[in-house]
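J.: Same order as they appear, the protein sequences are chains H and D.
To convert a position in the first sequence, counted from 1, into our numbering, add 160.
To convert a position in the second sequence, counted from 1, into our numbering, add 465.
One should not assume that every hint holds.
What follows is a list of derived Cβ distance ranges for each label pair [unchecked claim]: (1) D:Val-564 <-> H:Asp-229: 50 to 56 Å; (2) H:Ala-389 <-> D:Ala-482: 33 to 39 Å; (3) H:Val-297 <-> D:Arg-573: 54 to 60 Å; (4) D:Ala-547 <-> H:Tyr-431: 27 to 33 Å.
Hint data in this document are derived by calculation from the structure and do not stem from the laboratory.
All figures in this text were calculated on a predicted structure; none of them were measured in a lab.
Glycine included, C-beta positions come from ideal geometry on N, C-alpha and C.
Residues per chain are reported as follows:
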Amino acid sequence: MTTKTTALRRVLIVDDDRALRHALAALLQTAGYETEQAGDGPEGLDLLGRQTVDCMLLDIGLPGMSGLDVLARARETASPPRIVMMTADDTPEALLRSFRGQAHSFVRKPFPPKKIVEVVNDVLRASAVAALPIEVVSASPEWLELVAPCSLEIAERVQDFVMQLDAKLPDDVRESVAQAFRELLSNAVEWGGRLDPTRTVRISCLRSKRMLLYRISDPGEGFDIDRLAHAAICNPEDDPLGHDRVRQEMGLRPGGLGLVMTRALVDELIYNEKRNEVVLVKYLD
Amino acid sequence: MKITQHTVGDVAVLTPAGRIVTEDGDALRNVIDTLIQQGRVKIVLDLQEVTYIDSSGLGLMVSKYVSARRRGGDVKLLHPTARSLHLLGITHLAQVFEVFESEADAVRAFGSSSFQAHTL
Numbered sequence: 161m162t163t164k165t166t167a168l169r170r171v172l173i174v175d176d177d178r179a180l181r182h183a184l185a186a187l188l189q190t191a192g193y194e195t196e197q198a199g200d201g202p203e204g205l206d207l208l209g210r211q212t213v214d215c216m217l218l219d220i221g222l223p224g225m226s227g228l229d230v231l232a233r234a235r236e237t238a239s240p241p242r243i244v245m246m247t248a249d250d251t252p253e254a255l256l257r258s259f260r261g262q263a264h265s266f267v268r269k270p271f272p273p274k275k276i277v278e279v280v281n282d283v284l285r286a287s288a289v290a291a292l293p294i295e296v297v298s299a300s301p302e303w304l305e306l307v308a309p310c311s312l313e314i315a316e317r318v319q320d321f322v323m324q325l326d327a328k329l330p331d332d333v334r335e336s337v338a339q340a341f342r343e344l345l346s347n348a349v350e351w352g353g354r355l356d357p358t359r360t361v362r363i364s365c366l367r368s369k370r371m372l373l374y375r376i377s378d379p380g381e382g383f384d385i386d387r388l389a390h391a392a393i394c395n396p397e398d399d400p401l402g403h404d405r406v407r408q409e410m411g412l413r414p415g416g417l418g419l420v421m422t423r424a425l426v427d428e429l430i431y432n433e434k435r436n437e438v439v440l441v442k443y444l445d
Numbered sequence: 466m467k468i469t470q471h472t473v474g475d476v477a478v479l480t481p482a483g484r485i486v487t488e489d490g491d492a493l494r495n496v497i498d499t500l501i502q503q504g505r506v507k508i509v510l511d512l513q514e515v516t517y518i519d520s521s522g523l524g525l526m527v528s529k530y531v532s533a534r535r536r537g538g539d540v541k542l543l544h545p546t547a548r549s550l551h552l553l554g555i556t557h558l559a560q561v562f563e564v565f566e567s568e569a570d571a572v573r574a575f576g577s578s579s580f581q582a583h584t585l
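Let's have the full structure, built from the sequences with the hints guiding it.
T.: Here it is in structure tokens:
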């Protein structure tokens, strides 16, 4: 069913592949969006200047002015749209430059037709907080370092980008690392940052030939492992629901499984003394 | 998240599609809460269309399992993906949830449910 909200949203598709542009427009119109199309960067920017656009699907490999240049110019407009970069270029550099340019999301071509509708739905459903800028301290493929506002939506945006850097890893490794990273980052923004987007987490992602290392530092006070009876990591082996009883007594929402899950998914999980900074390591050989 | 629901006898079979995660868990929570409030505490959760579960999603499943068991019912899992099974294993929840590959078997299992498996 098309909702009133999506029916009012306008998506601008900027791609020099006319057939793809038309196919995407048809899919998005069926999903309830208004669409505009442009075959190159200047035409896209001209359209942006003349009407309100909620989301822009932007190909990186445009003739003449590249999609990354269009991204930079579009971000400078008075009311920049949320921008989804599209590319067949599977090198980390394209992804990292998109991220540095504050693209909201990134899609590799080719993609299944319905994926683009899902991506646009997700991007436009996200709150204004999700579009806050993320500071890119380092954007080399071997060392990505970010400072991000404490929000679950931004954490998801970061995770989406970071995990695309690991797209060539074996599925089981990629899924394990992605899940562990998501759990720790969610903990950092929720418990360390109290979901306050004026506070930030610092995230480092280091890649070597033989390991992945992620470090997350949150602005909280840390925690005492001996006072985590509400977390499954403290459950006796024969009582996997012990933490849930404690959480109910404390009035906490269901959960408490993040640490026990993360510890099993990675090879090393190391906290600093205060426990407001954590390093996870996954060995690749 | 889209959730389809059908009933087999007094058992409610729920098929959520999408992710069971912090941000998207409310729909499933609300559907199960409504069932339990109506006294429909025999629940099969069909996971075949679930693409991702995070720790909050697992926590939600635990919470609803506990609620149903306290009222004499149960939450049983159907068609978990290999990834879901792995998560159940590493969180020790494989000791908690009964898992089935056939809806008929899952529904039939309510006939022999025991309330003694875990202290709630």
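J.: With reference to the structure, classify each hint as holding or not holding.
T.: How the hints compare with the structure:
At roughly 52 Å, the beta carbons of Val-564 (chain D) and Asp-229 (chain H) sit within the given window of 50 to 56 Å. Taking the beta carbon of each, Ala-389 (chain H) and Ala-482 (chain D) are about 35 Å apart, inside 33 to 39 Å as hinted. Hint check: Val-297 (chain H) to Arg-573 (chain D), Cβ distance near 57 Å, so the stated range 54 to 60 Å holds. Distance hint check: the CB atoms of Ala-547 (chain D) and Tyr-431 (chain H) are about 30 Å apart, consistent with the given range 27 to 33 Å.
Checked against the numbered hints given earlier, the structure satisfies every one of them.
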